[in-house]
Amino acid sequence: MLLTIGLAILVMLALGVCFAMLLGWANVAWKVDVPLQLRQLTDAMPGANCGGCGYIGCAEYAEAVFRGEAPPDKCPVGGAAVARHVAEIMGIDLQETLPYRPVVHCGADYDCRLKRAEYTGERTCGAANLVAGVQGCTYGCLGFGDCEWACQFDAVKMVNGLAVIDYDKCTGCGACAKACPRHIISMVPFKAERIVVVACSSKDPGKVVRSVCTVGCIGCGICQKLNELFTVTDNLASINYDHYDAQADFAPVLAKCPRQTLIYVGKPSAKDLAAVAGEELPERVEADFKTTVDDADYRG
Amino acid sequence: MGVVTEILMLGLATAVINNLVLAYFVGICPFLGVSRRIDTAFGMGCAVVFVTTLSGVVTWAISHFALIEGAPLVNWINSLAGASPDKPVVADLLFLQYILFIFVIAGMVQLVEMYMRKFAHALYKALGVYLPLITTNCAILFVCLIIAKRPAIGDSFLRSLVYSFFGGVGFTLAIVLMAGIREELDAADIPEPLKGPGITLITAGIMALAFMGFKGMAG
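Chain order of the listed sequences is A and B.
Numbering-wise (the numbering used here), the first sequence opens with residue 1481 and increments by one.
Numbering-wise (the numbering used here), the second sequence opens with residue 3 and increments by one.
Wrong hints could be hidden among the right ones.
Stretches of chain B that chain A covers, calculated by requiring three or more beta carbons in the stretch to come under 8 Å of a beta carbon on chain A [said to hold, decoys possible]:
id, segment
1, 98-111
2, 115-124
3, 191-200
Taking lysine to any residue and the SDA-like style, the derived pairs with C-alpha atoms no more than 20 Å apart in a straight line are [stated by the list, open to error]:
id, chain 1, residue 1, chain 2, residue 2
4, B, K127, A, A1550
5, B, K89, A, T1484
6, A, K1637, A, G1654
7, B, K197, B, K89
8, B, K120, A, L1516
9, B, K120, A, V1508
10, A, K1658, A, A1672
What follows is a list of derived Cβ distance ranges for each label pair [unchecked claim]:
id, chain 1, residue 1, chain 2, residue 2, range
11, B, F159, A, D1513, 55 to 65 Å
12, A, C1653, B, R119, 31 to 41 Å
13, B, D41, A, Q1632, 43 to 53 Å
Hints listed in this document are in silico derivations from the structure and should not be mistaken for laboratory results.
Bear in mind that the values here come from a model prediction, so they are computed numbers and not experimental data.
Cβ coordinates follow ideal geometry from the N, Cα and C atoms, glycine included.
Start from the sequences, fold in the hints, and give me the full structure.
This is the structure:
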């Protein structure tokens, strides 16, 4: 018994020493000169070999970064920390990637928009969108919550018939933007916690918009005159986010907008809330249209 | 039976009839894990062919020179202990088989990886991360143990070589077929609860059933 154990230990030990020497020799004899930078990069990787970066394994990605073919921030496991480390090793500036967040380009809840007919069909936006004349505006939010269904993070809520994004929960996955059959949700680079957006998608002429909605953009062009960031095309204002400056004062533009179509969305910072706390907000324009289905259960 | 016929028969029997994955159910984890796309599955298969052949040969040599009854190492130990031939101190070292094989396979793959990195960089890139990943794959150890335990295969070096090579080929065949089916499954209308691993396992089971049809053909 003792002999057997001793033999086993001896044989394994002898073999271990043989292999160690063989591998040690191979390591020196077949040495491949790896640049210091590449070695550092390989060490910086988390080593999960998950393939999330799009390359086969961490070593492959490190090599691609080394050759300058891959950006330093592709590793989903390592996240920002690894990205910073990699950028540091490569001596390149890590470009701050802006978080993209969805923005609902419609500001009209049930009280603001004209209901043209009673809709009793399938209660999804996708179905309602196929039926002409469910609501006055052919561009705006239908209010059945396809985006709410699409959101896995419980970040979209229907508030009085209008999709409202909870930016605390939102991860920017873009599922809601894909789900909206009217394409009124777009992904916008959030350069600040709160940014100005155009809460309307209507390309109808001002007169038509006025007849169906109290908050829709009528394409008057006042914002365009006051601030060069805004442009009005096809009766609809839009904002050039490439040149958007979060520090700029948008108050004059927002105050002059006759329809309050330009609004702030995002997380309200304490400073923002304090700034508007003492101010009197302008009253909303009264509806100037008549509707016959106000009391209906189903509303478009 | 000529040598060539014998090789072909053994090859067919190993790769198709006694397929490692679909008849013996070894190497299931890479079979399910790396069978999402045909090209990666083929890369994995090539790496397995490479490693099974190599480790099959090396472990055959180790078995015959160190472990089995009458091997040089065993004889040497007995003569060192001064034992008479009819009453040896140790009959064989076969109890070391498992741990030794795992050890040798891992070591050999390391060595080969270093060699390839230096002298065959294209192959090194092609096999990529799969080579180190499969050092502890059960299919490899299975091939080595079958060679050691079945005298019909293990007694001849040529048959061991053929068996280990075609064992890898059989694995490649199974995983590439699986990857092809799974690529088609992506577009198929699968019931919600079966999506993902469920339908993959069912597919694997049906494939194994289909391969049972080869049973009794040869080998």
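Hints, verified against the model:
no.	hint	result
1	98-111	holds (count 6)
2	115-124	holds (count 5)
3	191-200	violated (count 0)
4	B:K127 to A:A1550	holds (17 Å)
5	B:K89 to A:T1484	holds (15 Å)
6	A:K1637 to A:G1654	holds (15 Å)
7	B:K197 to B:K89	violated (62 Å)
8	B:K120 to A:L1516	holds (17 Å)
9	B:K120 to A:V1508	holds (11 Å)
10	A:K1658 to A:A1672	violated (24 Å)
11	B:F159 to A:D1513: 55 to 65 Å	violated (38 Å)
12	A:C1653 to B:R119: 31 to 41 Å	holds (40 Å)
13	B:D41 to A:Q1632: 43 to 53 Å	violated (31 Å)
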